[in-house]
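Chains as they are written, first to last, in the numbering used here: chain Z, 1 to 119; chain H, 1 to 381.
Derived by calculation from the structure, the hints in this document are not laboratory data.
There could be a bad hint or two in this list.
Taking lysine-lysine and the BS3-like style, the derived pairs with C-alpha atoms no more than 25 Å apart in a straight line are [claimed, not checked]:
id, chain 1, residue 1, chain 2, residue 2
1, H, Lys17, Z, Lys62
2, H, Lys17, Z, Lys72
3, H, Lys48, Z, Lys62
4, Z, Lys72, H, Lys48
5, H, Lys184, H, Lys154
6, H, Lys169, H, Lys157
7, H, Lys134, H, Lys70
8, H, Lys48, H, Lys70
Only part of the chain Z face toward chain H is listed, based on derived beta-carbon distances under 7 Å [to be verified]:
id, residue
9, Leu99
10, Ser101
11, Leu104
A virtual CB, placed ideally from N, CA and C, is assigned to each residue, including glycine.
Here's the letter readout for the chains.
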Amino acid sequence: MNFTQSHINIYLHAIPLGIQNRQLRTILFDSYIQVLPRLNRLYLSDACYIRTIKFLQLHHLKLAYCQYDELKDIIQHAPFLESLNVRLELDHSNMHNSLASSQLIRLHLTIMSKYFYIC
Amino acid sequence: MSMNQIEQFLSNFPHLKQLVLILRGTTDLIDDYRWEKLTSSMTIFNFKFDLDSNFPSLDSFRTLFWQKEKHWYIDSQNTSVFSVPYFSPVHIDIDTRSHRQSAILMHEFTVKKLNSMNIISMPKVQLLYYPYIKNLSINCSFSLANIQHLVDLKQIKYLSILSINDLLKFQPYKLIIPNIYELKIRNSVTFDNIEQIKDYQFEKIQKLNISINNNDTDLILKRLFFCFLHIEYLIYLSPIDSIERLIQIIDGFTHLLNATFDSGHFFFSMTMFPYPRFNFITQYSQRFKENNFTYRLQRMPSHSIGTHWWFAPQVNVNYTIKILSIFIFLFSVAITIIFDIIEFTVYLALDKTSFCFGLTAHNDLKNCVYREFMKTKFDCI
Numbered sequence: 001m002n003f004t005q006s007h008i009n010i011y012l013h014a015i016p017l018g019i020q021n022r023q024l025r026t027i028l029f030d031s032y033i034q035v036l037p038r039l040n041r042l043y044l045s046d047a048c049y050i051r052t053i054k055f056l057q058l059h060h061l062k063l064a065y066c067q068y069d070e071l072k073d074i075i076q077h078a079p080f081l082e083s084l085n086v087r088l089e090l091d092h093s094n095m096h097n098s099l100a101s102s103q104l105i106r107l108h109l110t111i112m113s114k115y116f117y118i119c
Numbered sequence: 001m002s003m004n005q006i007e008q009f010l011s012n013f014p015h016l017k018q019l020v021l022i023l024r025g026t027t028d029l030i031d032d033y034r035w036e037k038l039t040s041s042m043t044i045f046n047f048k049f050d051l052d053s054n055f056p057s058l059d060s061f062r063t064l065f066w067q068k069e070k071h072w073y074i075d076s077q078n079t080s081v082f083s084v085p086y087f088s089p090v091h092i093d094i095d096t097r098s099h100r101q102s103a104i105l106m107h108e109f110t111v112k113k114l115n116s117m118n119i120i121s122m123p124k125v126q127l128l129y130y131p132y133i134k135n136l137s138i139n140c141s142f143s144l145a146n147i148q149h150l151v152d153l154k155q156i157k158y159l160s161i162l163s164i165n166d167l168l169k170f171q172p173y174k175l176i177i178p179n180i181y182e183l184k185i186r187n188s189v190t191f192d193n194i195e196q197i198k199d200y201q202f203e204k205i206q207k208l209n210i211s212i213n214n215n216d217t218d219l220i221l222k223r224l225f226f227c228f229l230h231i232e233y234l235i236y237l238s239p240i241d242s243i244e245r246l247i248q249i250i251d252g253f254t255h256l257l258n259a260t261f262d263s264g265h266f267f268f269s270m271t272m273f274p275y276p277r278f279n280f281i282t283q284y285s286q287r288f289k290e291n292n293f294t295y296r297l298q299r300m301p302s303h304s305i306g307t308h309w310w311f312a313p314q315v316n317v318n319y320t321i322k323i324l325s326i327f328i329f330l331f332s333v334a335i336t337i338i339f340d341i342i343e344f345t346v347y348l349a350l351d352k353t354s355f356c357f358g359l360t361a362h363n364d365l366k367n368c369v370y371r372e373f374m375k376t377k378f379d380c381i
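Chain Z on its own, in the form it takes in the complex (with noise of 0.2 Å):
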């Protein structure tokens, strides 16, 4: 598979969460690990893997479940993102932590508080 386009999706979004299938998907991350970097368009199913990712060519990020932290740390690694599409778990307490980004102009939000959730 050649990994050199700038605008590779990657989808993992349909691999359930069991044990059997963390250590897949751990070994899927391991592998994408190298193409991550260079991606124009990322949807992934959750964070857990990608917060410590730099990812400078980044313009669009889909996630389908994702906490404040996780996204703050997200945001600082991808400064050129213009587009957000993120199903988000907000802990009030953690609120006043800033996640400035400058290039964002799209952003579609979806809000799970921890006391309310919303499909």
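Based on the hints, put chain H in the right spot on chain Z.
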């Protein structure tokens, strides 16, 4: 989530042009002025707020800024406030508390997108007209006039009613509900119920969701087979007491292609010993043959065990005769054409022979041979 918190969150993104927000929060989110300030530079703003209590009014969202400058339209249903048409709901519940004011507020976009209505009780005042409803559930007593004031019955494809007698209120049903496809009867059908509709046939209805009273089961089923002649999908929610009963139902609805039976423990034993039962089914049924059906266990919405059955379509005898007639006709035409080609070839051959031998006066002989050939041909036929 409060307005303060959302303002704090959105301040992280000063250059937003397009925003879609889905969240649950407090009624202070219904503040047009603060949203105007937050979204003044945006081109797209769609939201859906599920609020923790009732809110006073949405009038402030109908100003020049919202409707003329931005073309953003807001509507509500119960304690939910949303942009239309982006978040327009497809379902509406109607009850006595449904009042004219909320209906008037309902935007044209919302009405167009609504295709499902559940009438819990008839409203006390006349409401808005909903011409795009296709799925209609009526869970109260009603008159046809009341329903016609609410929905366009000609659009209805799915109808759920309490009693099978309620069907009589839609007479003549081919005119009143001409596009109905699926019918659900919520209460068990009794013999008295079915006696009132026994002379009617509902040919348009192809999917039936029904349960029947345990008494007079044979008589009720016999009437149902007549009234609902063209059922292709049956959902039968009464307990099946024997395999003979199941065979009776499946054989009775002659157009059946799918059936679901909510059957509790009965099918469990059948699954444990499938092969003898399978033979029993094929032996006593007119419909079940060796390879024309299958079934599987499934969990029913009521959490009991049910079975779903698939049947191969029955061969229509009239259709077969028509196909056979066409085939015979085409075959006879082909034979005629072949004979004509042979005849023409022989004729040409004779003509060529007379030319080759320079016999210019052999027409009589040629015609004589041709006549003999034709005679042989018709004798054969």
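Hints, verified against the model:
For the given pair, H/Lys17 sits about 17 Å from Z/Lys62 by alpha-carbon distance, which is consistent with the 25 Å threshold. With a CA separation close to 20 Å, the supplied pair H/Lys17 and Z/Lys72 stays within the 25 Å bound. Among the hinted pairs, H/Lys48 with Z/Lys62 is consistent with the structure: their alpha-carbon atoms are about 19 Å apart, no more than 25 Å. Of the supplied pair hints, the one linking Z/Lys72 and H/Lys48 holds, its CA atoms being roughly 24 Å apart against a limit of 25 Å.
The suggested pairing of H/Lys184 with H/Lys154 holds, with an alpha-carbon distance near 17 Å, which does not exceed 25 Å. Straight-line distance between C-alpha atoms of H/Lys169 and H/Lys157 comes to about 17 Å, which keeps the hinted pair within the 25 Å bound. The hinted pair formed by H/Lys134 and H/Lys70 fails the criterion: a straight-line CA distance of about 32 Å is larger than 25 Å. For a cut-off of 25 Å, the pair hint linking H/Lys48 to H/Lys70 stands: about 17 Å separates their Cα positions.
Look at Z/Leu99: its Cβ gets to within about 5 Å of chain H, closer than 7 Å, so that hint holds up. The interface hint given for Z/Ser101 is met, as the beta carbon of that residue sits about 6 Å from the closest beta carbon of chain H, less than 7 Å. Checking Z/Leu104 against chain H by beta carbon gives a least distance of about 5 Å; that is within 7 Å, so the hint holds.
Of the numbered hints given earlier, the model fails hint 7 alone.
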